[in-house]
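Okay, here's what each chain looks like letter by letter:
There are 4 protein chains.
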Amino acid sequence: MNPDIARLERRARDLLPPAVYDYYAGGSGRERTLRANERSWRRNWLAPRVLRDVRSVDTTTGLLGARLRTPVAVAPTAYQRLAHPDGELATAAGAARAGALFVLSTRSTRRLEDVAVQVARAGGTWWLQVYVMRNRALTIDLVRRAAAAGAQALVLTADTPVVGRKRREAGEQAFTEADMLVNVGPVQDPADLDQSAGVTFADIAWLAEISGGLPVVIKGVLRPDDALACAAAGAAAVIVSNHGGRQLDGAMPAASALPGVAAALSTAPGPGPGTGAGTGAGAGSVPVYADGGIRTGEDVLAAIALGAQAVFVGRPVLWALACGGADGVADLLSGLTDALAHAMALAGAPSLPQVAGIIGEPVG
Amino acid sequence: MNPDIARLERRARDLLPPAVYDYYAGGSGRERTLRANERSWRRNWLAPRVLRDVRSVDTTTGLLGARLRTPVAVAPTAYQRLAHPDGELATAAGAARAGALFVLSTRSTRRLEDVAVQVARAGGTWWLQVYVMRNRALTIDLVRRAAAAGAQALVLTADTPVVGRKRREAGEQAFTEADMLVNVGPVQDPADLDQSAGVTFADIAWLAEISGGLPVVIKGVLRPDDALACAAAGAAAVIVSNHGGRQLDGAMPAASALPGVAAALSTAPGPGPGTGAGTGAGAGSVPVYADGGIRTGEDVLAAIALGAQAVFVGRPVLWALACGGADGVADLLSGLTDALAHAMALAGAPSLPQVAGIIGEPVG
Amino acid sequence: MNPDIARLERRARDLLPPAVYDYYAGGSGRERTLRANERSWRRNWLAPRVLRDVRSVDTTTGLLGARLRTPVAVAPTAYQRLAHPDGELATAAGAARAGALFVLSTRSTRRLEDVAVQVARAGGTWWLQVYVMRNRALTIDLVRRAAAAGAQALVLTADTPVVGRKRREAGEQAFTEADMLVNVGPVQDPADLDQSAGVTFADIAWLAEISGGLPVVIKGVLRPDDALACAAAGAAAVIVSNHGGRQLDGAMPAASALPGVAAALSTAPGPGPGTGAGTGAGAGSVPVYADGGIRTGEDVLAAIALGAQAVFVGRPVLWALACGGADGVADLLSGLTDALAHAMALAGAPSLPQVAGIIGEPVG
Amino acid sequence: MNPDIARLERRARDLLPPAVYDYYAGGSGRERTLRANERSWRRNWLAPRVLRDVRSVDTTTGLLGARLRTPVAVAPTAYQRLAHPDGELATAAGAARAGALFVLSTRSTRRLEDVAVQVARAGGTWWLQVYVMRNRALTIDLVRRAAAAGAQALVLTADTPVVGRKRREAGEQAFTEADMLVNVGPVQDPADLDQSAGVTFADIAWLAEISGGLPVVIKGVLRPDDALACAAAGAAAVIVSNHGGRQLDGAMPAASALPGVAAALSTAPGPGPGTGAGTGAGAGSVPVYADGGIRTGEDVLAAIALGAQAVFVGRPVLWALACGGADGVADLLSGLTDALAHAMALAGAPSLPQVAGIIGEPVG
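Chains as they are written, first to last, in our numbering: chain A, 1 to 364; chain B, 1 to 364; chain C, 1 to 364; chain D, 1 to 364.
FYI, nobody ran anything at the bench for these hints, they're computed from the structure. Glycine included, C-beta positions come from ideal geometry on N, C-alpha and C. Hints should not be assumed to be uniformly reliable.
What follows is a list of derived Cβ distance ranges for each label pair [to be verified]:
| # | chain 1 | residue 1 | chain 2 | residue 2 | range |
| --- | --- | --- | --- | --- | --- |
| 1 | B | V163 | D | D4 | 33 to 39 angstroms |
| 2 | B | R30 | D | P353 | 31 to 37 angstroms |
| 3 | B | A202 | A | V163 | 55 to 61 angstroms |
| 4 | A | R111 | D | G65 | 57 to 63 angstroms |
| 5 | C | T267 | D | D194 | 29 to 35 angstroms |
| 6 | B | A232 | A | P353 | 31 to 37 angstroms |
| 7 | D | R30 | A | P362 | 41 to 47 angstroms |
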């Protein structure tokens, strides 16, 4: 059975202060993109195969050279101590236990070195999400510490030159105090921590360079032309995402953007040896991931069928963290992986590459 | 008038224990496919012809060599004694009386030899639905008994390598006890009765062989490529089906899959003489049937216009069985056949082949 | 302002016996086609022209040689004395007063010769709707009387080889007694009055012949191939219609069928001189009319833009008849014509031929 | 944050007499076009770009030679003293303060010379909306006064050969008394003030001529062919508009019509030097503007992405005027401009020409 994420969310809403719940749950503007995300993965019927040998179903996948038990990964989300006292330590531990990739947010409320220890202990993999902050020295310092601590890649959030405006966030100021951000600062001007609105494709190579050659994944890409520009600039992978409906309201759901981006990148040449992306998908292609509204094993199946190599899950992880700490996160991710395996068996696709093409016509 | 199936269902729900009703009525996951099935047959407008001579309307059809009064057939469903004390004996008798094909489930709660006698007495035709069980000896024994008892074909359920997960089936365990399954077992390990997840196209020929040459119909096909693979492997026919919305949630409705499958098979060569499918549709094509959500004569008309030679009805037969036993089943099937004949007259199509092409544009 | 037909219907429902209201208002089966008819005329946006001289707007049209003030015509409907004591006499008078064509039903409850006098007095035009009854002598007699009385055309209802089954008509038997049908019978076997289910295209010429050369209009055509077959068989015009949603439930709305039929007929050769259709649309084309769900001037505009030369209105005329007799009918038809003229001015189309092409993309 | 226009409207409804509110808020017929306008701008997903330098976002635009801080302009609306005692003086002042173009209605309730002074004082730009009145001498007088007072262009309303019929306007007669119309009349026959139903493309040149060479913008164009005809007749620009859903009910939303009109005009030659349109968009193209349902910065972004150079806002300006006079209008327009700039940053489009192409697939 799929994890009951709606129930998890209801429980988390009861547990959390309203301002925290709203900060996590809300989207920008009229929340059109937020609402569209979940249903978008169900916009095409699935076209299962029959009479395939599915006695053994394999959900393992390689993400930029790391072998993981599942293509379901933890999306970077901010201020996790607001959800649970252990914050990012618990999330990272839960992910590692489930064999899932963990992406740590720049706005983490636990020190990245401590997170790294937690992940290493469970044999896991983690990446660091970064902004190119207005004060670039802060980014240089953060990235070098992450590389030293064992981060396997950087995830540059590209869709946030300015922060989307949300109705539900009266209380957000409380969360953004410098003392919660243990990995950056302290700074005299809080604006130094903001993403620079001047970040461009050239910064992909800059990030690779300052990190000593880590692969750079670009998060927030919705257009084939942008995906190709990322690849040409040395990106190791792109994440099709609308930032969980928190940036431009009206931006397309990832499920709409994914096929075009995947098609464009499937023929793009992979990153060269000098970009730090040598552990990527190999010659001839740049891998595509996706996030936004993934809630069931069937959703994961659809995302992979539409061209994603992995999917990222954000809010459900926060609800699981709030309700159950590391165990809650591990149970959620294992549950989604098990539901994916079940759906793969029913679809006649015993491994992830065989999921390609099981998408049918649009739901009428 | 069409039979009032909604009323039949309400009456059956009142009569049956809730767990039994839920077991019959439920679907897998979020029941998206379950809900879509019924409305899918109404997704295109009908395009009736006028000024045709319809003084005589003929609903007879040939199914793998058997002549039947109606293209409306009884789908295989499990544990019919839960609906009525006479179980499959009543359903088979009702179907035969209405001139309709009856398909007996492997999970029948009446002995197949007794069912065979019942059908033969009324001059009817029956097929056996089979799984390739993990313990293949059980399947061999079952198939040989069916062939000896007069089954005219085998129906291999292809969409169930594992069983779909349903929310509504807290009570199902009660129904699956070995003593209800009178045609297979007893077994020491109940898992021996499950379909093997390793069943493949090669098992089509195996079933034909162990049955001494019975035609093998593949149920659960939704893709043109799979349909062609079935035909190439010796299938005598395919049933476009999503298992009544009980397997992969999100799988396409039969009405969506049918045109593509029918188009693919219309040009595929028919089964060869050595495959046991010699009573099939003849040289040059493999017939297509469909099930899932058929509730009215107009629905049957639509299915035939979309390329089906016959349709199978599942849950409505169970409601009719629960409410009226053999007579209930006969009334339901006769009622649907009469409603089909009425719709054929209004469509200017006095015989089933003339129904081709009466489908118009999608409902807006 | 458009006539408030919803209000007229509410008033008529209050005035009429429930069984009569249900008989008029109901449709066949699940009433899917009935419900779709009204909204179908609004399925495309209108694309008005600007900066055209619309100081004078002309709604006059030629229908099979007769000049009429409006393209809005009265559809044939049965048993009008159930709506008003004057029955068809009132409807015919109202139509003539509004400059609208009147079509008398075979199931009229007033003598056709009396209706003819009424229409002639007001300088109007009427046609007779006919069935080819099982007892053809009845049809011959009826048609000859109509021709003698001044009917200008025959309208053969082609979509009724058998009568559609309706849920709402418990009381219909009361209306079908022979003594209400003053133009046919009396007969010993009521089935003699039913349309023969064996009527075919050949009967078009037969009707022209027995009428002494009246044009024969075919009502109930939804397919381009059938429209072409009608033209080839000598039809003077076709009416795209699903019989007000009273025959095959699920049949396409006229608005869906109209463009295809109009396109097919626009290039079909017109009826030859020997078919009685010499007063038709002239060499090179067979005109198309439509009915089903027309309720506003904008609906009429849409129908004409989609290829109709005229539209027929059924139920609203019955509500107007019930509420206001001849005056009510005249007001309704004049009101629709005035609303059409207003819409033509706003669309920059001062005459009916200029309405072509004012249809835009489908409503999203 | 976007201005909360729904809240402004609720407050205005509370402040205004019901008949005035209804006059402003209502649309023609069934209000289908009225309702469709707002949602039409959200019918396609937005496709934002990433990794563009958006440190500086520029919303300035040139409209027929005038440089304005924003592409959001004030649409001409009648009888503004009904909303606020200062009427058009307040609206014009608010628009000028926000750097927005103001279009004065012929049915202004403040003298155009006074409005002109108000606009000039704030360094703004204004255009005059005109009808070609039945009594052309009235139009000649009005246009010459406007030209003398500093109007930079004329806006000919082309979609009003007759006035659309509205249900909600019982009280309108009260507003149309001659003494409210301070810029035209007094006249003995009020019909003299109505637009002539005989206005055609030739009147574009006539307006340019009587104004001494002002550019003539045509408002109400929905068809590419009409747009081309306007350009050929010397129009300086066209406004894609359905008159706020107040004329032909069922006319397409501007968002539907805009791409076709923009595509047609993008290749049309611009107006010649003798037409008074020499301050237009330059050689080779005629600019396109749009109105109808624009309510957010994202809506403006969508309109520009679909081909508009500017958008006009009608009802929201009236609500702002009613609630806050000139300040209210300025706040509304500044707020929309700020929200547009925010959306442009999030879309990776730091200037208006870069907004082209950020439209994705239709919302499902």
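(request) State, for the Cβ atoms of R111(A) and G65(D), whether the hinted interval 57 to 63 angstroms holds or is violated. (result) Taking Cβ atoms as reference, R111(A) and G65(D) lie about 60 angstroms apart, which means the hint holds.
(request) Starting from the hint 29 to 35 angstroms, judge whether the C-beta atoms of T267(C) and D194(D) obey it. (result) Violated, at about 43 angstroms.
(request) Using the Cβ atoms, figure out if R30(B) sits within 31 to 37 angstroms of P353(D). (result) violated (45 angstroms)
(message) If I claimed the Cβ atoms of R30(D) and P362(A) lie 41 to 47 angstroms apart, would that claim hold in this structure?
(response) Violated, at about 30 angstroms.
(request) Take the C-beta atom of V163(B) and the C-beta atom of D4(D), compute their distance, and say whether it sits inside 33 to 39 angstroms. (result) violated (52 angstroms)
(request) For A202(B) and V163(A), compare the CB-CB distance with the range 55 to 61 angstroms and indicate the outcome. (result) holds (58 angstroms)
(request) Determine whether the Cβ-Cβ distance between A232(B) and P353(A) falls within the hinted range of 31 to 37 angstroms. (result) Because 23 angstroms falls outside the window, the suggested range is violated.
Checked against the numbered hints listed earlier, the structure breaks hints 1, 2, 5, 6 and 7; every other hint is satisfied.
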